[in-house]
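J.: Sequence:
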Amino acid sequence: MKIFCFGLGYTAKFLRNELSFPLSHFSGTHTSEGDLLFNGKSPLKNVTSILRDVTHLLISTPPNSEQIDPVLYHHKADIENMPNLKWIGYLSATSVYGDHGGAWVDETSKTLPTNKRGVLRLRAEEQWFAIDRPINIFRLGGIYGPIRNQIEVVKNGLAKRIIKKDQVFSRIHITDICSALKISMENPLSHKIYNLVDDKPAAPKDVLDFLCEKLALKIIKGIDIDDPAVTPALRSFYQDNKRVKNNLAKSELDWQLKFPSYKEGYLDILAKLDESQL
72 MKIFCFGLGY TAKFLRNELS FPLSHFSGTH TSEGDLLFNG KSPLKNVTSI
122 LRDVTHLLIS TPPNSEQIDP VLYHHKADIE NMPNLKWIGY LSATSVYGDH
172 GGAWVDETSK TLPTNKRGVL RLRAEEQWFA IDRPINIFRL GGIYGPIRNQ
222 IEVVKNGLAK RIIKKDQVFS RIHITDICSA LKISMENPLS HKIYNLVDDK
272 PAAPKDVLDF LCEKLALKII KGIDIDDPAV TPALRSFYQD NKRVKNNLAK
322 SELDWQLKFP SYKEGYLDIL AKLDESQL
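Be aware that the sequence shown starts at 72, since it is given in our numbering, and climbs by one per residue.
If you are wondering where the hints come from, they were derived from the structure by calculation, not from laboratory data. A few of these clues could be false.
SDA-like mimics (lysine to any residue), calculated; alpha carbons at most 25 Å apart, straight line [stated by the list, open to error]:
| hint | residue 1 | residue 2 |
| --- | --- | --- |
| 1 | K226 | G213 |
| 2 | K73 | K181 |
| 3 | K271 | F308 |
| 4 | K263 | N135 |
| 5 | K84 | N117 |
| 6 | K231 | Q221 |
| 7 | K235 | I294 |
| 8 | K263 | K112 |
| 9 | K181 | N312 |
| 10 | K334 | A274 |
| 11 | K316 | F281 |
| 12 | K292 | Q310 |
| 13 | K112 | F200 |
| 14 | K231 | I214 |
| 15 | K235 | D295 |
| 16 | K181 | F200 |
| 17 | K231 | R219 |
| 18 | K253 | A164 |
| 19 | K181 | I214 |
| 20 | K236 | G213 |
| 21 | K226 | L288 |
| 22 | K292 | A230 |
| 23 | K276 | T302 |
| 24 | K253 | I121 |
| 25 | K329 | E257 |
| 26 | K116 | M153 |
| 27 | K271 | G293 |
| 28 | K334 | I291 |
| 29 | K73 | R204 |
Full structure from sequences and hints, please.
T.: If you want it as structure tokens, here you go:
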């Protein structure tokens with residue numbers, strides 16, 4: 072297995088560590104420096120030789136208004152002509168579902184994105200699904216894990232406890248994302264869509280309250296979503312309300328969650344922090 076990633080960000084780097092692959096078998100692009108520079112403005116140099124021996128291609132670059140998917144914009148023909156390609160994984164987001172009033176959604180539900188990010192994600196999905204290569208789309212919930220979590224903002228008193236009746240979000244720990252990707256890579260299928268989320272959607276305020284309890288801090292004072300102090304950008308984050316199902320990934324990939332809810336996930340993160348950090 073030789074993996075190449077367009078967009079060597081948080082998820083891709085964590086996956087590389089989880090797989091314990093040598094750098095020669097897992098490489099990827101950066102947006103600002105290095106030999107593998109790809110920021111979407113111009114093609115990746117030497118792409119034919121770079122992709123020649125690649126068997127698994129992970130795409131974690133965000134879409135944009137001009138190109139929709141920058142990788143396909145510059146390298147669609149290169150990818151279609153990869154001689155050893157067995158698997159493509161495109162990391163999308165559950166924002167493609169839009170607002171369902173708190174109802175449960177699965178991979179067959181209507182995609183009704185309400186913001187620009189969701190619309191672009193959906194259009195990028197459509198572009199990837201149209202290519203005649205073994206594509207798999209993973210719709211990720213809100214990602215959290217080591218380094219990328221709310222512990223520091225809670226400790227520093229910067230967290231905002233927004234109150235919106237019946238609002239929930241679906242999340243996913245980075246470890247569980249990587250385990251699903253690993254299973255899919257080892258058992259390549261084609262033209263599949265999977266939701267990668269945990270079992271228990273929860274309100275953002277519940278997560279903050281849980282962290283305050285575990286860090287022995289006072290519960291953060293709540294701010295109503297309609298309060299003028301809530302910025303339009305922050306308010307838009309609460310625009311969509313849905314509960315995302317993960318049944319298909321569990322059944323088809325035999326995927327088992329290590330962290331079925333934010334509670335198990337954050338307890339693990341807290342347990343691994345040094346006492347000095349707490």
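J.: Next, verify each hint and record whether it holds.
T.: Tested hints:
1. Straight-line distance between C-alpha atoms of K226 and G213 comes to about 21 Å, which keeps the hinted pair within the 25 Å bound.
2. Restraint check for K73 and K181: the C-alpha separation of about 35 Å exceeds 25 Å, so the hint is violated.
3. Straight-line distance between C-alpha atoms of K271 and F308 comes to about 19 Å, which keeps the hinted pair within the 25 Å bound.
4. Restraint check for K263 and N135: the C-alpha separation of about 23 Å stays at or below 25 Å, so the hint holds.
5. Taking the CA atoms of K84 and N117, the gap is near 22 Å; set against the 25 Å cutoff, the hint holds.
6. Distance hint between K231 and Q221 is fulfilled; the C-alpha atoms sit about 11 Å from each other, no more than 25 Å.
7. For the given pair, K235 sits about 9 Å from I294 by alpha-carbon distance, which is consistent with the 25 Å threshold.
8. In summary, the hint linking K263 to K112 is not supported, as the alpha carbons are separated by about 29 Å, beyond the 25 Å threshold.
9. Annotation: proposed proximity of K181 to N312 holds, straight-line Cα distance about 14 Å (limit 25 Å).
10. Between the alpha carbons of K334 and A274 the distance comes to roughly 12 Å, so the proposed pair stays at or under 25 Å and holds.
11. Proximity of K316 to F281 is assessed by CA-CA distance (about 23 Å); at most 25 Å being required, the pair is judged to hold.
12. Pair hint K292 plus Q310 holds up; C-alpha atoms about 21 Å apart against a cutoff of 25 Å.
13. Note on K112 and F200: the hinted pairing holds, with a Cα-Cα distance of about 23 Å set against a maximum of 25 Å.
14. A distance of roughly 18 Å separates the Cα atoms of K231 and I214; the hinted pair therefore holds under the 25 Å criterion.
15. Note on K235 and D295: the hinted pairing holds, with a Cα-Cα distance of about 6 Å set against a maximum of 25 Å.
16. For the proposed pair K181 and F200, the alpha carbon gap of about 17 Å is at most 25 Å, so the pair holds.
17. Annotation: proposed proximity of K231 to R219 holds, straight-line Cα distance about 17 Å (limit 25 Å).
18. Annotation: proposed proximity of K253 to A164 holds, straight-line Cα distance about 18 Å (limit 25 Å).
19. Distance check on the hinted pair: K181 and I214 sit about 23 Å apart at the alpha-carbon level, within 25 Å; holds.
20. Distance restraint check for K236 and G213: the Cα-Cα separation of roughly 20 Å lies within the 25 Å cut-off, and the hinted pair is therefore satisfied.
21. Taking the CA atoms of K226 and L288, the gap is near 8 Å; set against the 25 Å cutoff, the hint holds.
22. The hinted pair formed by K292 and A230 meets the criterion: a straight-line CA distance of about 10 Å does not exceed 25 Å.
23. Straight-line distance between C-alpha atoms of K276 and T302 comes to about 17 Å, which keeps the hinted pair within the 25 Å bound.
24. For the hint pairing K253 with I121, the CA-to-CA distance comes to about 22 Å; that is within 25 Å, so the pair holds.
25. Taking the CA atoms of K329 and E257, the gap is about 19 Å. The hint holds against a cut of 25 Å.
26. Among the hinted pairs, K116 with M153 is consistent with the structure: their alpha-carbon atoms are about 16 Å apart, no more than 25 Å.
27. A distance of roughly 22 Å separates the Cα atoms of K271 and G293; the hinted pair therefore holds under the 25 Å criterion.
28. Under the criterion of a C-alpha separation no larger than 25 Å, the hint pairing K334 with I291 is consistent with the structure, at around 18 Å.
29. Restraint check: the Cα-Cα separation between K73 and R204 comes to about 17 Å, which is no more than 25 Å; the hinted pair holds.
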